[in-house]
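Q: In the working numbering, the protein residues as written are 1392 to 1793.
Check each hint, because a few of them may be wrong.
Unchecked claim - Below, in silico cross-link-like pairs of lysine-lysine (DSBU-like), each with a Cα-Cα straight-line distance of 35 angstroms or less:
1. K1461 with K1786
2. K1737 with K1786
3. K1786 with K1702
As the list claims (entries may be wrong) - Simulated restraints, written as ranges between beta carbons of each label pair:
4. G1729 with A1449: 42 to 50 angstroms
5. S1545 with S1492: 28 to 36 angstroms
6. S1451 with D1542: 36 to 44 angstroms
7. H1503 with M1682: 38 to 46 angstroms
8. G1729 with D1542: 47 to 55 angstroms
9. Q1741 with R1498: 48 to 56 angstroms
These aren't lab readings, by the way, just hints derived from the structure by calculation. Just so we're clear, the structure is a prediction, and the values are computed from it rather than from any experiment. We treat Cβ as the ideally placed atom computed from N, Cα and C, and that holds for glycine.
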Amino acid sequence: MVGSITDITEKKLLEEQLRHSQRLEAVGQLTSGIAHDFNNLLTIVLANAGQLADELPADSQQQHLATMMKTAATKGAGLIRNLMAFSRQQELHARPVHINSLIIDMRDLIKHTLGTHFSLHVHLQANPCIAFIDPSQLESALLNLTANARDAMSDAGALTIHTANVSFDSLKTSTNSKNKGTFVMVEVSDTGSGIDTQIKERIFDPFFTTKEVGKGSGLGLSMVYGFVKQSHGFVDIDSRLGQGTTLRLYFPLYENGTDRLPSHEHDFTTENTPTVIVETTTVLLVEDEPMVRQMLVQQLTRLGYTVITAKNGEEGLRELTEHPEIGLLFTDMMMPGGLDGYELAKLAQQHNPTIRVVLSSGYSGKLADAHKRTAEGYWVLPKPYLRAELSAVLKNALSQPA
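Put together the whole structure using the sequences plus the hints.
A: What follows is the structure, given as structure tokens:
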């Protein structure tokens, strides 16, 4: 009798990794689309609530209600940013970061988040651990992991943070089958209750949480996952019931300047920004959403601008040809039809080299493209935004050299 045995464990693991990755990718695409639509709605709510708050009698009940609306819309915008973090569509301000130094600087904050009943152990590799990442996002990730570890431990326990530079030709993990190169590893381990296998498969899903209602949004780990993936890294997790949990974040080691990411949008300040522009400029507003377009006409008019509108790129190009007095193009990035906002901006500058351009979108994927092109003189205004932010970016765009 002749027989053979084939170990299909690795094949099954790879198939599960693929299904998990495809599910997260599908959810990411869905959330980024929802985020775009919500940002358009929040732009309208923020603008109108802000205008009401400015115009109603000070300290009146009506002004208080308008301010509450404005605050709620701002919190909604924060929730959308968290969704974008998961879908890897958030705006990153990346630079070379000494991760060991960042962790040392955060030690007191991590201890405060962890609480007095738990001990903190930090083991940092002696060699420089440098990655090209957004430091504020890594800080948020570490605080999210710390809070999760604290909640997973009962009355006592220990949190350990470990860093190392890890090199490999190929590494099989629970979330990736192959990763080649040298990575900075940030490992966060706790002595908590551990995670059940079925739950472990879903912990990076947005809004999934095992906590009580009101104790968490379920976006913490999904934000961590999105940030690491957007930074060209990956996440690995080891956990068993009763034996604690270890999460490892891997970022490509930054060794030279070849992996530099493009700079992001110009900075602008909203302090001491006048609410009215004295010199009237004609603005071409190109926006496909009727309610957003109507709201912006009101806002721009109140700021002292003469406004010409178009609902798509082709119509905007026609208005540019017919109105040589247009001094600034304010266009949405995502529009139906043949021309998107960036293509329209290029044609506008060919038609009038002195025209100023402001790009706006509620979809961060489009804004990420726009950030790469600000060297061409474009300014970027992500949705949603306040009237003061709108006023500031338009003023800065008009004041830059032609």
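Q: Which numbered hints turn out to be false for this structure?
A: none
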